[in-house]
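Enquirer: So the chains spell out like this:
2 protein chains.
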Amino acid sequence: MASVNFEISSTSSSGPPTQQRPRQRLMMKLKEFPEKLWENGVVEVAKIAKKMGEDDPRRIIHSVKMVSTLTLVSLFYYLQPLYDVFGEEAIWAVLTVVLVFEFSVGATMGKGLNRMTATLLGGALGVAAKYLATLFGGIGKPIFLAASVFIVVAIVTFMRFHPALKARYDYGLMIFILTFSLVTVSSYRDDEVLEIAYKRLLTIVIGSCICVAVCICICPVWIGADLHNSVAKNLEMIGDFLQGFGGEYFGRVVEDGDDKSFLEGYKSVLNSKSTQETMANLARWEPFHGKFRFRHPWKQYLKVGTLTRQCAYKVEALNEHLNSEIDQTPSEIKSKIQAPCTIICLESGKALKELGGVVRKWTSSSSAISHITFSRTASEDLKSLLKTVYLLEDGDLLDIAPAAAVALQLIGVVKCVEKIAEAVQELASLAHFNSVESSVVAPEEPHFLHQGTVVPVSEGIMHHVITIEQGSDTDLPQNNSQSMINLVVEKHSN
Amino acid sequence: MASVNFEISSTSSSGPPTQQRPRQRLMMKLKEFPEKLWENGVVEVAKIAKKMGEDDPRRIIHSVKMVSTLTLVSLFYYLQPLYDVFGEEAIWAVLTVVLVFEFSVGATMGKGLNRMTATLLGGALGVAAKYLATLFGGIGKPIFLAASVFIVVAIVTFMRFHPALKARYDYGLMIFILTFSLVTVSSYRDDEVLEIAYKRLLTIVIGSCICVAVCICICPVWIGADLHNSVAKNLEMIGDFLQGFGGEYFGRVVEDGDDKSFLEGYKSVLNSKSTQETMANLARWEPFHGKFRFRHPWKQYLKVGTLTRQCAYKVEALNEHLNSEIDQTPSEIKSKIQAPCTIICLESGKALKELGGVVRKWTSSSSAISHITFSRTASEDLKSLLKTVYLLEDGDLLDIAPAAAVALQLIGVVKCVEKIAEAVQELASLAHFNSVESSVVAPEEPHFLHQGTVVPVSEGIMHHVITIEQGSDTDLPQNNSQSMINLVVEKHSN
Numbered sequence: 001m002a003s004v005n006f007e008i009s010s011t012s013s014s015g016p017p018t019q020q021r022p023r024q025r026l027m028m029k030l031k032e033f034p035e036k037l038w039e040n041g042v043v044e045v046a047k048i049a050k051k052m053g054e055d056d057p058r059r060i061i062h063s064v065k066m067v068s069t070l071t072l073v074s075l076f077y078y079l080q081p082l083y084d085v086f087g088e089e090a091i092w093a094v095l096t097v098v099l100v101f102e103f104s105v106g107a108t109m110g111k112g113l114n115r116m117t118a119t120l121l122g123g124a125l126g127v128a129a130k131y132l133a134t135l136f137g138g139i140g141k142p143i144f145l146a147a148s149v150f151i152v153v154a155i156v157t158f159m160r161f162h163p164a165l166k167a168r169y170d171y172g173l174m175i176f177i178l179t180f181s182l183v184t185v186s187s188y189r190d191d192e193v194l195e196i197a198y199k200r201l202l203t204i205v206i207g208s209c210i211c212v213a214v215c216i217c218i219c220p221v222w223i224g225a226d227l228h229n230s231v232a233k234n235l236e237m238i239g240d241f242l243q244g245f246g247g248e249y250f251g252r253v254v255e256d257g258d259d260k261s262f263l264e265g266y267k268s269v270l271n272s273k274s275t276q277e278t279m280a281n282l283a284r285w286e287p288f289h290g291k292f293r294f295r296h297p298w299k300q301y302l303k304v305g306t307l308t309r310q311c312a313y314k315v316e317a318l319n320e321h322l323n324s325e326i327d328q329t330p331s332e333i334k335s336k337i338q339a340p341c342t343i344i345c346l347e348s349g350k351a352l353k354e355l356g357g358v359v360r361k362w363t364s365s366s367s368a369i370s371h372i373t374f375s376r377t378a379s380e381d382l383k384s385l386l387k388t389v390y391l392l393e394d395g396d397l398l399d400i401a402p403a404a405a406v407a408l409q410l411i412g413v414v415k416c417v418e419k420i421a422e423a424v425q426e427l428a429s430l431a432h433f434n435s436v437e438s439s440v441v442a443p444e445e446p447h448f449l450h451q452g453t454v455v456p457v458s459e460g461i462m463h464h465v466i467t468i469e470q471g472s473d474t475d476l477p478q479n480n481s482q483s484m485i486n487l488v489v490e491k492h493s494n
Numbered sequence: 001m002a003s004v005n006f007e008i009s010s011t012s013s014s015g016p017p018t019q020q021r022p023r024q025r026l027m028m029k030l031k032e033f034p035e036k037l038w039e040n041g042v043v044e045v046a047k048i049a050k051k052m053g054e055d056d057p058r059r060i061i062h063s064v065k066m067v068s069t070l071t072l073v074s075l076f077y078y079l080q081p082l083y084d085v086f087g088e089e090a091i092w093a094v095l096t097v098v099l100v101f102e103f104s105v106g107a108t109m110g111k112g113l114n115r116m117t118a119t120l121l122g123g124a125l126g127v128a129a130k131y132l133a134t135l136f137g138g139i140g141k142p143i144f145l146a147a148s149v150f151i152v153v154a155i156v157t158f159m160r161f162h163p164a165l166k167a168r169y170d171y172g173l174m175i176f177i178l179t180f181s182l183v184t185v186s187s188y189r190d191d192e193v194l195e196i197a198y199k200r201l202l203t204i205v206i207g208s209c210i211c212v213a214v215c216i217c218i219c220p221v222w223i224g225a226d227l228h229n230s231v232a233k234n235l236e237m238i239g240d241f242l243q244g245f246g247g248e249y250f251g252r253v254v255e256d257g258d259d260k261s262f263l264e265g266y267k268s269v270l271n272s273k274s275t276q277e278t279m280a281n282l283a284r285w286e287p288f289h290g291k292f293r294f295r296h297p298w299k300q301y302l303k304v305g306t307l308t309r310q311c312a313y314k315v316e317a318l319n320e321h322l323n324s325e326i327d328q329t330p331s332e333i334k335s336k337i338q339a340p341c342t343i344i345c346l347e348s349g350k351a352l353k354e355l356g357g358v359v360r361k362w363t364s365s366s367s368a369i370s371h372i373t374f375s376r377t378a379s380e381d382l383k384s385l386l387k388t389v390y391l392l393e394d395g396d397l398l399d400i401a402p403a404a405a406v407a408l409q410l411i412g413v414v415k416c417v418e419k420i421a422e423a424v425q426e427l428a429s430l431a432h433f434n435s436v437e438s439s440v441v442a443p444e445e446p447h448f449l450h451q452g453t454v455v456p457v458s459e460g461i462m463h464h465v466i467t468i469e470q471g472s473d474t475d476l477p478q479n480n481s482q483s484m485i486n487l488v489v490e491k492h493s494n
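Chains as they are written, first to last, in the numbering used here: chain A, 1 to 494; chain B, 1 to 494.
Rather than coming from a laboratory, the hints here were simulated on the basis of the structure. Every residue gets a Cβ at the ideal spot worked out from N, C-alpha and C, and that includes glycine. Hints may be right or wrong, so weigh each one.
[Said to hold, decoys possible] Which bits of chain A does chain B cover? Going by a derived footprint, with three or more residues having C-beta under 8 angstroms, they are:
(1) 73 to 84
(2) 179 to 191
(3) 404 to 412
Please take these sequences and the hints and turn them into a complete structure.
Expert: Here you go:
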C-alpha cells in the first residue's frame, strides 16, 4: 500500500511532504513491529498457554512426563554399552515413545499393547512370507512378495472399517499393515531381516513398556476415573439446572449479580455421547487400580450417560420456557401449579445431585431415594391438581398451555430421574460402590428439606410462605408436602 | 471340563461307560470343530464383511486403492534403477503410504500436508541442532542435544492440547516431534544426517504426493460432499418424522405392515455434532472440486447442523407423546386441535425436506418458503384456536395438557424451521447454490398440498374431510388453510 500511495502522490504537485509521509509511516511501522509482535504474539500466546495450563494442570505434567521418557529412551542411543546391544535399531525405541505415549494410562496401554502385538504378528507373518518367497526364484520372488502384501493388506484395510475393531484395535491393525509391509518389502533386498525384525521388536517392546511404566507410576491420568467423574458431573449439572429452574420459572426476584451459569451447564451433556464412548473404550485397556477392579462395568456408565442425556433433552425443553418470548403465561396462573412444580424441581435436582455424589464418592447412599419419593409424591399431587378444572377460570388455553407443558415435562423428568436412579443403583452394585466407603462418609448436617418462598407476583393473590423442616422420620416430610399442596389447592378453590 | 468330568466319574463305581462317554464327547467335539468353525467363524465373518461392503461399497474400493498405491510405491524398492537413487530410504515411502492413505481426500490431504510440512520443519530444526551441538565438544554435545529435545518436544507436546491445533494439526505436531527427535538423537552418532534427512524427506514427499494423487484421481471420497449430504439427510429425516407425526399422534388407523422407521431416523441427528465437526475439519483440507469452491462455507454447514439438532430435541419431546402411557389425551380433545396441528406437521415436514433437497441438489428453490408460510399461518391459527376456551368443556387440564404441550411444541417447531430456512438460505448464497443448477431442476408436478383426512375416533363428533388443492397462485392455499381452520373453529363453537 505504501509504495502505491507514493507513486500516485509523486505525480501530484505537493512532492516532498507526501514523499516523506509514507516513508515515515513505514519507519513507524518497522519501529512498532517488535512491540506489536510482543503484544499480539508472545503475550497472547503466553496467555493462551497459561489458561490451558490452569484449565487442566495435568497437561503440563504430561508434557514433562513425555519428554522425560523420551530423554530416558534416548540413552539407548547415547550410552555406548546400550548402543552396543541394540545398535541403529535403538532409534525405534525413541520412535515408539513419540507414537505411544498418550495423555491417559488407557490410551497409552491401548497403543502400547496394540503396537507390541501388531509388530509381533506383522513381523512374524512378514518373515514367513520372506521364507516362502525364497522357494520361488528370480522374478517369482518379488511377485510373490507383492501378491502377499496385496492380499493381506487389502483384507486388513477392509477390517479397519468394522466399528468394533475400529474402536479398540485401529492402531494395532495399522501397525500390523506397516510392519508386515516393511518386513515383506525390505526382505527382497535384505537377508538379515530376521535379526532386524527381532531387534526392532525388542526395542519397540522396551519403548512401550517404559511408556506404560512412566504413565502409570508418575501422576497417572486414569481415563476410567475421568469417565467416572464425567458421569457424576453430568448428573450434578442436570441437578443444578433443576434446582435453579423452579425459582427462575416461577419468577423469583433476580438480583443482578446472580450467577446464572447453572442454566447453561447442562448443554454440554447434550453432546457427551461420543466423548463418553471414547473414554469407555480407552478405560477398558487400564489395569485394575484403586476402586476400579478387573472387569469394571464400563457399559453401565454408558447406560447412565444415555439416560442422563435423555433427561437433558427434557431439560432443554424446560429451558426454552425461561425465554419469556415463548412462555407468556401470566404469573397468577403459574402460581397455581407453583407449589408441586417447585417441589419436583428441588427434589429431582437434589436426587440427581445425590446420585452424582453416589458415583463421585463411591457410596451407595439412600438419601437419593427419599428425594425421589418426595418428587414422585409431588408429581402425583401435580397430576391431581391438573385435574381440577378451576385453573381455567383465569385465562384461555394459550395462556395456560405453557405452564401445563412445563408441568407435564416435570412429570416426565421425575420418571426419568427414577430410571437414572435405577441405573446408578445397578452401577453401584456392579462396581461394588459401598464396599469400602459407605461407613466413611460423614453424615450430612440436618438441613431444611424445602425452603421455597412461593411469591406470586400479582398483587390480588395472597402470599404463601412454605417452610418444611425435615424431621428424623423420613415419612414426615412426605405428609407435610402432601398437606401443603392440599392447603394451596384449597385456598385457590375458594 | 471334559477331563474334570472324567476324573470325578472314574472314582465312582460305573467305570467303563462313563470313561467312554467323555471320550466320545471329546471325539464328537473334535469332529464337529471344523464344521462349527466353518459355520460360526468363516460364514459369520463373510456375512459381516458382505454387510460392511453393502453398507458402503466405497470401503472395498478404498481397500483396493490403498493396497494398489502401496504396491506402486514398493516398486521404489523392487526396481533397481529407482533403488539406486533412493537406496534404503525408499522404505520411508512405503511407510508414508500406510500412515497417510486415508478413506477421504480431506483426511489424506490433511495427513499428507501435515506430514510433509512437519518433516521439513522438524528435520531442518534437527539439523540446526546438530550443527549447534558440534560447537560443544565431548560430553557437551549429547547434553546440548538432549536439552534441545527436552525443550522443543515439551513445548510442542503442550501445544497439542490446544483445541484448534488439535483439530487440524495434531498429526503434524506429532510428526514434527518424531522427526526432530529422530534427527537430533541420531545425529549424535551419524554424521551423514543431512543426506539421510534429505532422502527421507524426498521419499516422504513422493509417498504423500502419490497417496494424494491416487486418492483424488481414482473414485475420490470427498468428505466435504459427505458433510454436505449428511446435513441434507438430517434435515430430511426430521422432515420425515414431522410428516409422519401428525398421522401417528392423531390416531391414523395403523396397518401392521407399516414401516415405522421414519419415527426412529431422527435419533441419529441428536448425536451428530462430533461427527459433523470432524467432517468439517477434514473438508477444509480438500481442494476445490465440482461445486465445492475455494473457501467453501464449512462453518455454515455446522450452523445448519446445530439448528437441525435443536429441532431434533423438539422432535424428541414430540416423540414421547406417541407413547400412549404418557399421553392419555382422549381423541375427542385431540381432534379439536387436529386440523392446524396436522397442517403444521405436514408443512413443516415438507419445508424441511425441501430444505434438505435444496442442499442436496444445490438449488435455491423457493418452494420451502411457501411451505413455511403455510405452517406459520397454521401456527397462528393454532394459537387463536387455543385462545378459545370452549376446548375445556370436555375434560380436565390433565387430559388437555398433553395435547396443549404438543401444540406448543409444534409452534416451537415452526419457529425452529424458520431459523433453519434462514441458515440454509445463507448457506445457499455463500456456497453459490443457484448459480448453475437453478434452471436445470425439473418443475415438480402439481400435487395436493394437504390431503389430510381428519377422522376423530369418537362417534359423537362429526367427521371432517379436508382436502385443499394447491392452485397456481401461491397465496390461494394460505387463504384456504385459514378459512378451513376458521370453519373447524366455528363448527365447534356452536
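Enquirer: Does each hint fit the structure? Answer for all of them.
Expert: Structure-based check of all given hints:
no., hint, in the structure
1, 73 to 84, "holds (count 4)"
2, 179 to 191, "holds (count 6)"
3, 404 to 412, "holds (count 6)"
In the structure shown, no violation is registered for any of the earlier numbered hints.
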